[in-house]
Amino acid sequence: MFAFTYHRPSSVRKAAALAASVADGKLLAGGHTLIPTLKQRLAAPGDVIDLGGIPDLAGIELRGRTLSIGAMTRHAEVAASPVVKEAVPALAYLAGLIGDPAVRNRGTIGGSIANNDPSADYPAACLGLGATIITSQRRIEADDFFTGLFETALEPGEIITRIAFPAVKKAAYVKFANPASRYAMVGVFAAKRTADIRVAVTGASQSGVFRWTEAEEALKKRFAGRSLDGLSLPADDMISDLHGSGEYRAHLVGVIAQRAVEAAAG
Amino acid sequence: MTVTRIGEAVRRKEDHRFITGKGQYTDDIFRPRQTHAYFLRSPHAHARIRRLDTAEAAAMPGVVGILTGKDLAEDKIGDLICGWMIHDIHGQPMKMGSHPALAKEKVRYVGDHVAVVIAERLDQARDAAEAIEVDYEVLPAVADLATATDATAALVHDEIAGNLAFEWHLGHKAMTDHAFERAHHVTRLDIVNNRLVPNPMEPRAAIGEYDSGNDSFTLWTTSQNPHVARLVLSAFVGIAPEHKLRVIAPDVGGGFGSKIFIYAEETVCAWASKRVGRPVKWTSDRSEAFLSDAHGRDHITTAELALDERGKITALRVKTRANMGAYLSTFASSIPTYLYATLLSGQYDIPAIHAAVEAVYTTTAPVDAYRGAGRPEATFVVERLAEAAAREIGMDPADFRKKNFIRKFPHQTPVIMTYDIGNYRASLDKAMEIADVKGFNRRRRQSAREGKLRGLGYSCYIEACGIAPSQAVGSLGAGVGLWESAEVRVNPTGNVEVLTGSHSHGQGHETTFAQLVSDRLGIPIEQVTVVHGDTDKVQFGMGTYGSRSGAVGMSAIVKALDKVEAKAKKIASHLLEAAEADIEFKDGKFSVAGTDRSIDFASVALNAYVAHKFPTSEIEPGLKEGAFYDPVNFTFPAGTHICELEIDPATGRTTICNWTAVDDFGVVINPMIVEGQVHGGIAQGVGQALLEGAAYDRDGQLVTGSFMDYAMPRADDLPSFKMGFTETKCPSNPLGIKGCGEAGAIAAPAAVMNAITDALGTEAVPMPATPQTVWKIARTRAAPRAAE
Ligand SMILES: Cc1cc2nc3c(=O)[nH]c(=O)nc-3n(C[C@H](O)[C@H](O)[C@H](O)COP(=O)(O)OP(=O)(O)OC[C@H]3O[C@@H](n4cnc5c(N)ncnc54)[C@H](O)[C@@H]3O)c2cc1C
Chain A
1 MFAFTYHRPS
11 SVRKAAALAA
21 SVADGKLLAG
31 GHTLIPTLKQ
41 RLAAPGDVID
51 LGGIPDLAGI
61 ELRGRTLSIG
71 AMTRHAEVAA
81 SPVVKEAVPA
91 LAYLAGLIGD
101 PAVRNRGTIG
111 GSIANNDPSA
121 DYPAACLGLG
131 ATIITSQRRI
141 EADDFFTGLF
151 ETALEPGEII
161 TRIAFPAVKK
171 AAYVKFANPA
181 SRYAMVGVFA
191 AKRTADIRVA
201 VTGASQSGVF
211 RWTEAEEALK
221 KRFAGRSLDG
231 LSLPADDMIS
241 DLHGSGEYRA
251 HLVGVIAQRA
261 VEAAAG
Chain B
1 MTVTRIGEAV
11 RRKEDHRFIT
21 GKGQYTDDIF
31 RPRQTHAYFL
41 RSPHAHARIR
51 RLDTAEAAAM
61 PGVVGILTGK
71 DLAEDKIGDL
81 ICGWMIHDIH
91 GQPMKMGSHP
101 ALAKEKVRYV
111 GDHVAVVIAE
121 RLDQARDAAE
131 AIEVDYEVLP
141 AVADLATATD
151 ATAALVHDEI
161 AGNLAFEWHL
171 GHKAMTDHAF
181 ERAHHVTRLD
191 IVNNRLVPNP
201 MEPRAAIGEY
211 DSGNDSFTLW
221 TTSQNPHVAR
231 LVLSAFVGIA
241 PEHKLRVIAP
251 DVGGGFGSKI
261 FIYAEETVCA
271 WASKRVGRPV
281 KWTSDRSEAF
291 LSDAHGRDHI
301 TTAELALDER
311 GKITALRVKT
321 RANMGAYLST
331 FASSIPTYLY
341 ATLLSGQYDI
351 PAIHAAVEAV
361 YTTTAPVDAY
371 RGAGRPEATF
381 VVERLAEAAA
391 REIGMDPADF
401 RKKNFIRKFP
411 HQTPVIMTYD
421 IGNYRASLDK
431 AMEIADVKGF
441 NRRRRQSARE
451 GKLRGLGYSC
461 YIEACGIAPS
471 QAVGSLGAGV
481 GLWESAEVRV
491 NPTGNVEVLT
501 GSHSHGQGHE
511 TTFAQLVSDR
521 LGIPIEQVTV
531 VHGDTDKVQF
541 GMGTYGSRSG
551 AVGMSAIVKA
561 LDKVEAKAKK
571 IASHLLEAAE
581 ADIEFKDGKF
591 SVAGTDRSID
601 FASVALNAYV
611 AHKFPTSEIE
621 PGLKEGAFYD
631 PVNFTFPAGT
641 HICELEIDPA
651 TGRTTICNWT
661 AVDDFGVVIN
671 PMIVEGQVHG
681 GIAQGVGQAL
691 LEGAAYDRDG
701 QLVTGSFMDY
711 AMPRADDLPS
721 FKMGFTETKC
731 PSNPLGIKGC
741 GEAGAIAAPA
751 AVMNAITDAL
761 GTEAVPMPAT
771 PQTVWKIART
781 RAAPRAAE
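Chains A and B, in that order, give the protein sequences. Okay, so the first sequence: first residue is 1 according to my numbering, each after it adds one. Okay, so the second sequence: first residue is 1 according to my numbering, each after it adds one.
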């Protein structure tokens, strides 16, 4: 780790002002991605701005049909929250699958989404549910937010404050975990909200989380696992590594998507 | 306060310390004025160092010193050694490439030690290391074991032709070949025993400290065998004479073999502390551990089994190529030879065996003992062959084994070992009952209805523990004898310190050894302390590996206890005014036979030191006895493990549904600790079979260099184990114990792979059987076996 200046602002406004005023600042949430990166000397920010002291970033609320989760909410809180379990049970279930207890007690939903790791779980839920990402500057639809591997629509210094999810019961997440890291090798979030059917896939694609539109079309006829029979994705677009070739991942997406749809259809 | 008996499942005495964070590991030790070492490691698998310039780095903030191979040579510090001499098939000594603690002309694996930077703080040392200029001439890597001896392969050590450390064989070739010519059926398997990274929870660490006042060194290090470390560092590496070097291995957090060896880092910390005149501390981080801890296994084997028309094994023939990595590590040469080929008879009566082994250098981390060390590789060969052979000739795999089991003991195998005792059939029968093998077909049909493939696999393993009779291993090339020592110090108030040359790195010696003393002397276990891990406190000893601390280490304690009891009886005879021959010792009391006169152990202890009541011209005051115990034979723990698993052919994921382990460890001192050892061993064996596999790419880069890519077994990868014991008392040691530390890791891989190959209906399934691997095979197979 290299030396840096540590800040702990008390409001989003102050944090945003700080972020704008320093040359190479980094926001710190749970630190489960950032701190290892620093320790391995893969990043050397001059300033680290800790979001842990900002009350506005905390809390889980259900207003009408909208579930709003503060960016600093830990995975363990989402997993255990009766509010989340009631409004979007699949989301609580997903949070409980992330990492291990230590990771879930530190890692945050905001950090996970801002990081947009191609194998992370939350991005699939955001896309699969059609969430809205609320930042220090604007509201961004999930469809526009995840722009590529570790890339998002966030501008430098822009802070995620909350994530708004529609309350959806007919939804499910199925994760096929990488045997080593336990991140998603393939994770599929399938949801049906009246006419809106979404199938979001994480872990598999070289360009990060994506919606499998072909599958969504097929499911419009009938929301059942069977409807996906015969559908496939091109292996060339998939991540290929030690744990799984593109071909294997493409195959897994099909299998896991069917299981997710079956679970969502309940 | 009661006595703890042998056989009781008492809780571990040391756990209070560990659980409350009071363990003292090497990294917990802070020496006044200590500095921090950071090793600059080679980023290349193979390169010549053209130029090494430390000038700029040496001037950086906090830097206390930078040392290289040149400085080592200047101080005449010797190479690291391999302590087991193998003579090859031509009678020539093995070819040992020079292994300096800091590279001289060449680096030979990614992670090899180029220089050490010593600084006030670790980050300063690291900064400076990044400023060292090294001009490498990159040479071709030799990363692939199969092609490492090809004429086109680069030479890891310029002077060692064909990268061959030695070719070696064991057994009777002509007899074996003849049996194969006449065989009714031959089963042949190609086997890769995958390479593993040991990954103990505590990474390696060392602190070297030089005391200029006494011209002596102290080395704190994460060692399984501190005396051996001192001997090697003194007699071979030349750090200091033995009496000027104290080696302390405090609490050690796991090792699995990887902390037996004498590595570059502790050597350098000890030596450098004199150079810089301050203590030098190094703690491995996990990335360094992946690169530089000695790895395990890594064999390529073709194995054949010859059968007669009744399914009786007539011969076994094995050709193995073993990866040694870039250098011969401390015991590397013994692993694929005397710890491997000598166990190829398994539990079976096999008239002829021949094993040919090539030990090969590659530009990868050194490979040495890892839990089981050669014996898992042997069991894997034998048990995969047994299962495959039974399937090929259409015999039930359990019946096939029963037919071929050794039934008469002692049994001389064609590969050196004399098995003293065992009852293999008893373990198999008991395991089959616990595993409900009878109900398996029903469960398999149920799985098939759910679209799953279910398989069942046996592993009837054997191992040689209680390492080892000194003369015997000496004749096979060992550089040291493998006896063990103990001293029992009874204090005036009757409590006891046991000094043992074994050293616990998680096995619970502080409990088991104390339990033995409690049982024997009739004093509460709380009144016994085990002292180990410090060459200044404890007499010379050989350390802990090869499941030897029970069979050998505790036997030494028994010998010392015998002497304590004998002397105490003498003293008691004076106190009780009776003839020594009439004194009986039972339940902590000395009594005069046939009377009600008695005196307890603590009173005798006190009187031994007060020395008022016996003639000191005949009996020396005090009560303290030492013993050295040399085993007369290896011990042969054996048993049956049965794995039942289910495969989801759509994803390739394997789920272990049932695990049955029935082991014969002879007498069990503490069943809870023994079960724990078996649990851990199974976990590691399942890890090898399903998850773990160290992989180097063509350029010799370790691609599984972190837990992101190297899959360790976790609790939820395993079922709750069903365990049972059978017992044949070991006849060769006073307690009748055999050893249990490695059994799980030895038995498990074959059990898993026999079950997977059963489920998939093909023998060609490599380890680790990851989901991808299994899926690829499953989709080429038509239908589950049950549907046939
Ligand atoms: C061992 C381990 C296992 C894991 N397993 C999984 C898994 O199975 N599935 C999974 O999905 N994840 C997994 N993770 C990731 C983890 O769950 C976190 O989600 C992730 O590390 C990011 O969250 P964080 O709060 O730690 O963010 P940090 O590490 O603090 O930050 C990550 C990045 O996001 C930026 N950032 C943080 N908060 C905000 C914000 N509010 N606005 C804008 N930018 C922000 C930071 O500047 C930084 O660039 C694992 C992590 C570890 C260490």
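Just so you know, not all the hints are guaranteed correct.
In silico lysine to aspartate or glutamate, DMTMM-like type, Cα no more than 25 Å apart, as pairs [unchecked claim]:
no., chain 1, residue 1, chain 2, residue 2
1, A, Lys170, B, Asp123
2, A, Lys39, B, Glu130
3, B, Lys722, B, Glu392
4, A, Lys39, B, Glu133
5, A, Lys39, B, Asp399
6, A, Lys26, B, Asp127
7, A, Lys26, B, Glu56
Everything labelled a hint here was simulated from the structure, so no lab data went into it.
> Which of the stated hints cannot be reconciled with the structure, identified by number in ascending sequence?
Replying inline: 1, 3, 5, 7
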